[in-house]
Amino acid sequence: MSRKATWVIGTASILLLLALYTRLSIHQHMINPTDTTIPTWMQMSEGISKIFAAQPRTGDRWIVEDVLATLSRLGFGLGIGVFIAFALGMSMGVWRWMEAFFLPILSLFAKIPPTAMMAVFFTLFGTELKMYGAIIAFGVIPTLAQTIYLGLKDIAEERIDKARTLGASTTEIIFCIMFPQILPKLLDAIRLQIGPAMVFLIAAEVLVGDVGFGYRIRLQSRLLNMNVVYPYLAYLALFGFGMDMGMRWIQCKLCPWYAKGGVS
Amino acid sequence: MDSMQALPLVRKGGCLVKPILTVSNASFQVRKQHILHGVDFTIGRGQIVGVLGASGCGKTSLLNLIAGITRSTSGIVSVNYDGQETEIVGPGPDRGIVYQAYGLYPFLTSVENVAFGLKLHLTTIPRRMWGQVTGFWRRLRREHLKHAEELLVRFGLGDAVHKYPHELSGGMRQRVAIAQALIMKPQILLLDEPFGALDEATREDLQRMLLVLYEENIQAVGQGKPAPHTILLVTHAISEAIFVGDRVMGLSRHWNWEEQGFSSCPGATVVYDKVAPVFNSTDSVDFEKFFGQKNEIAQLVFDEKVRVRPQDHCTFWSQVRVNHGHGVTHDV
Ligand SMILES: Nc1ncnc2c1ncn2[C@@H]1O[C@H](COP(=O)(O)OP(=O)(O)OP(=O)(O)O)[C@@H](O)[C@H]1O
Ligand SMILES: [Mg+2]
Chain A
1 MSRKATWVIG
11 TASILLLLAL
21 YTRLSIHQHM
31 INPTDTTIPT
41 WMQMSEGISK
51 IFAAQPRTGD
61 RWIVEDVLAT
71 LSRLGFGLGI
81 GVFIAFALGM
91 SMGVWRWMEA
101 FFLPILSLFA
111 KIPPTAMMAV
121 FFTLFGTELK
131 MYGAIIAFGV
141 IPTLAQTIYL
151 GLKDIAEERI
161 DKARTLGAST
171 TEIIFCIMFP
181 QILPKLLDAI
191 RLQIGPAMVF
201 LIAAEVLVGD
211 VGFGYRIRLQ
221 SRLLNMNVVY
231 PYLAYLALFG
241 FGMDMGMRWI
251 QCKLCPWYAK
261 GGVS
Chain B
1 MDSMQALPLV
11 RKGGCLVKPI
21 LTVSNASFQV
31 RKQHILHGVD
41 FTIGRGQIVG
51 VLGASGCGKT
61 SLLNLIAGIT
71 RSTSGIVSVN
81 YDGQETEIVG
91 PGPDRGIVYQ
101 AYGLYPFLTS
111 VENVAFGLKL
121 HLTTIPRRMW
131 GQVTGFWRRL
141 RREHLKHAEE
151 LLVRFGLGDA
161 VHKYPHELSG
171 GMRQRVAIAQ
181 ALIMKPQILL
191 LDEPFGALDE
201 ATREDLQRML
211 LVLYEENIQA
221 VGQGKPAPHT
231 ILLVTHAISE
241 AIFVGDRVMG
251 LSRHWNWEEQ
261 GFSSCPGATV
271 VYDKVAPVFN
281 STDSVDFEKF
291 FGQKNEIAQL
301 VFDEKVRVRP
311 QDHCTFWSQV
321 RVNHGHGVTH
331 DV
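Respectively, the protein sequence lines represent chains A and B. For the first sequence, full-length UniProt numbering gives the first residue as 1, with consecutive numbering after it. For the second sequence, full-length UniProt numbering gives the first residue as 1, with consecutive numbering after it.
Just to be clear, a hint being listed does not mean it is correct.
Using 25 angstroms as the maximum straight-line C-alpha spacing, the simulated SDA-like pairs for lysine to any residue come out as follows [said to hold, decoys possible]:
| id | chain 1 | residue 1 | chain 2 | residue 2 |
| --- | --- | --- | --- | --- |
| 1 | A | K253 | B | H162 |
| 2 | A | K253 | B | E112 |
| 3 | A | K185 | B | I125 |
| 4 | A | K185 | A | A87 |
| 5 | B | K32 | A | F175 |
| 6 | A | K260 | B | L157 |
| 7 | B | K163 | A | D161 |
| 8 | B | K146 | B | G92 |
| 9 | B | K225 | B | Q319 |
| 10 | B | K18 | B | S78 |
| 11 | A | K130 | A | A203 |
| 12 | A | K185 | B | Q33 |
| 13 | A | K185 | B | G131 |
| 14 | A | K253 | B | G131 |
| 15 | A | K260 | B | M172 |
| 16 | A | K111 | A | K153 |
| 17 | A | K130 | A | V199 |
| 18 | A | K130 | A | F175 |
| 19 | B | K225 | B | V322 |
| 20 | A | K253 | B | V161 |
| 21 | A | K253 | B | R128 |
| 22 | A | K153 | A | L106 |
| 23 | A | K153 | B | Y102 |
| 24 | A | K260 | B | Y102 |
| 25 | A | K260 | B | R128 |
| 26 | A | K185 | B | A101 |
| 27 | B | K146 | A | F175 |
| 28 | A | K153 | B | G56 |
No lab work stands behind these hints: they were computed from the structure. All of these numbers come straight from a predicted model, not from anything done at the bench.
Bound-form chain A, shown alone (with noise of 0.2 angstroms):
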């Protein structure tokens, strides 16, 4: 099929989704004018609006406190789940006695759900930033740690013996050439890790949020304010988005190789 043919496509599915949607939407006020769970476009730009507004007494707008409150408890989370897991990763692969000691622990942990996982996290760290971050952590750790240690336990020897008669010291191996052969891997399961990341922030701002996408989500579904969740939902979806075509374009500037269809 053609690229053409494919965008022709792709555009088609989404006008019918809108249409599908204005006609249900349509159809439900014909039964009962006031429903605010199907909105109308036009409630909808109502809500979109209150949700850019500077709020009356505060003049705070939603929007911003949302976007900063959820992507640095994101970033945080990850931030701390990527160091652990590469730090626990590579000695898991680099030093046999790691591995031995971890992979047990790390099994373990892989099995518990991270959002059963939340009480216990509650009750140690309450509803700050390091509760949400250490959810996160939690949740990504066993998979990146796994993913990394895996993907040392897979290059060849041959690689690791030839560098040791260039003249590599250990240090050397592990940053110039384990490093970057697993870095792809690393990149791409960070990427894959981000969706199961967003799944438990939000889930811990429905039960405990002040503020934040899963709070205002909650508080307004509640509210039956349909119009104010549909966009937020929206813009979870241009964020996934945005956030994936982020990792595959840092991927291709970092791994050109692996992006030319290198295999490691």
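Take the given structure of chain A and dock chain B with the ligands to it, following the hints.
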């Protein structure tokens, strides 16, 4: 056995052949598995030695011992570059190695791959980081890359300089891998079935490339200088060993260990070690010329039913002493 003679090895006419690598009575076992037993030979500077053996007989293990990647269970592997005999205790840039696969780093372009050894051997991470600040590393790096590019061009890889390994053909990849090893100016180059995965024509191209290196050796010896390239070429193709090598060695588990009082095979040993005809890089491959030797090797090294007496067929240095053969160990 043959290498036990007094060193240095004397060539007819009074010239000296300097021994560069000595494996004396080396055995190797992994987890109770007996792999090599009593491996014993001396290689002179500037030789290309074809090493033959059935699959799994321990050829790679032998190269790993010489590379210093593994240590022998007993016996000594030593090198002698400047009159000083030194035991091998680990890998080093004086002994380069090229494998059949996985030789190149996929995340580096050809030129970066070739320059990799210079970077790893000549600098350290802290020095490079500090060098980033002072600009020293950028200048040195540019020199390294220039040097690597020159070598690639010399090997006919001018178009491949900035390509990644997966963008190269198998033959180009092996050329880059050989350049990667040679840039370190290794005293000894270990090649482990480097052309095993290539088609016939490419294979011959690369074999001729090795013969060019041998011609450089002969030239150097003729001028009274030390020969620059000493090569061990592990292969399972008999004709390749004879064509490229000036000497062929065969490893086999099928020797007369029963007569020596062993109840099971104590490991493979060198059962064949003889002079091979020397070819120029431009000579056509003359199969007639090594037909007899090929049959002899097929029988002694690859036949599982024979029980070879190693001392009968490890006669390389005695052949040299009676001036049998050509090349760096002979009058040029
Ligand atoms: N690290 C190891 N652990 C266990 N067994 C090993 C190890 N290294 C080598 N071996 C065994 O030693 C024997 C010789 O292996 P080696 O790779 O040296 O043979 P080879 O002659 O190079 O074979 P090929 O022609 O297939 O490359 C094999 O039977 C192999 O199974
Ligand atoms: Mg092998």
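Comparing the hints with the structure gives:
The hinted pair formed by K253(A) and H162(B) meets the criterion: a straight-line CA distance of about 16 angstroms does not exceed 25 angstroms. Between the alpha carbons of K253(A) and E112(B) the distance comes to roughly 17 angstroms, so the proposed pair stays at or under 25 angstroms and holds. Between K185(A) and I125(B), the direct Cα distance comes to roughly 24 angstroms. Compliance with the 25 angstroms bound is thereby established for this hinted pair. The straight-line distance between the Cα atoms of K185(A) and A87(A) is roughly 16 angstroms, inside the 25 angstroms bound, and the hint therefore holds.
Of the pairs offered as hints, the one joining K32(B) and F175(A) is violated, with about 35 angstroms between alpha carbons and a cut-off of 25 angstroms exceeded. A C-alpha spacing of about 20 angstroms is found between K260(A) and L157(B), which places the hinted pair at or below 25 angstroms, so the restraint holds. As the CA atoms of K163(B) and D161(A) are separated by approximately 24 angstroms, the hinted pair is consistent with the 25 angstroms bound. Taking the CA atoms of K146(B) and G92(B), the gap is about 23 angstroms. The hint holds against a cut of 25 angstroms.
Taking the CA atoms of K225(B) and Q319(B), the gap is near 24 angstroms; set against the 25 angstroms cutoff, the hint holds. For the hint linking K18(B) to S78(B), the alpha-carbon distance of about 13 angstroms falls within 25 angstroms, and the restraint holds. Only pairs whose Cα atoms come within 25 angstroms are accepted, and K130(A) paired with A203(A) is accepted, the gap being roughly 15 angstroms. Between K185(A) and Q33(B) the CA atoms are separated by roughly 37 angstroms; this puts the pair beyond 25 angstroms, and the hint is violated.
With a C-alpha separation of about 30 angstroms, the suggested pairing of K185(A) with G131(B) is violated against the 25 angstroms cut-off. Of the pairs offered as hints, the one joining K253(A) and G131(B) holds, with about 24 angstroms between alpha carbons and a cut-off of 25 angstroms not exceeded. As the CA atoms of K260(A) and M172(B) are separated by approximately 18 angstroms, the hinted pair is consistent with the 25 angstroms bound. Proposed proximity of K111(A) and K153(A) is supported: the alpha carbons are some 22 angstroms apart, at most 25 angstroms.
Proximity of K130(A) to V199(A) is assessed by CA-CA distance (about 17 angstroms); at most 25 angstroms being required, the pair is judged to hold. Restraint check for K130(A) and F175(A): not satisfied, since their Cα atoms lie roughly 30 angstroms apart, outside the 25 angstroms limit. Of the supplied pair hints, the one linking K225(B) and V322(B) holds, its CA atoms being roughly 24 angstroms apart against a limit of 25 angstroms. A C-alpha spacing of about 20 angstroms is found between K253(A) and V161(B), which places the hinted pair at or below 25 angstroms, so the restraint holds.
Our distance criterion of 25 angstroms between C-alpha atoms is met by K253(A) and R128(B), whose separation comes to about 22 angstroms. This hinted pair checks out: K153(A) and L106(A) have alpha carbons roughly 17 angstroms apart, not beyond 25 angstroms. Pair hint K153(A) plus Y102(B) holds up; C-alpha atoms about 15 angstroms apart against a cutoff of 25 angstroms. For the hint pairing K260(A) with Y102(B), the CA-to-CA distance comes to about 18 angstroms; that is within 25 angstroms, so the pair holds.
The straight-line distance between the Cα atoms of K260(A) and R128(B) is roughly 28 angstroms, outside the 25 angstroms bound, and the hint therefore fails. With a C-alpha separation of about 21 angstroms, the suggested pair K185(A) and A101(B) falls inside the 25 angstroms cut-off, and the hint holds. Distance hint between K146(B) and F175(A) is fulfilled; the C-alpha atoms sit about 24 angstroms from each other, no more than 25 angstroms. For the proposed pair K153(A) and G56(B), the alpha carbon gap of about 24 angstroms is at most 25 angstroms, so the pair holds.
Going through the hint list in order, the structure does not satisfy hints 5, 12, 13, 18 and 25.
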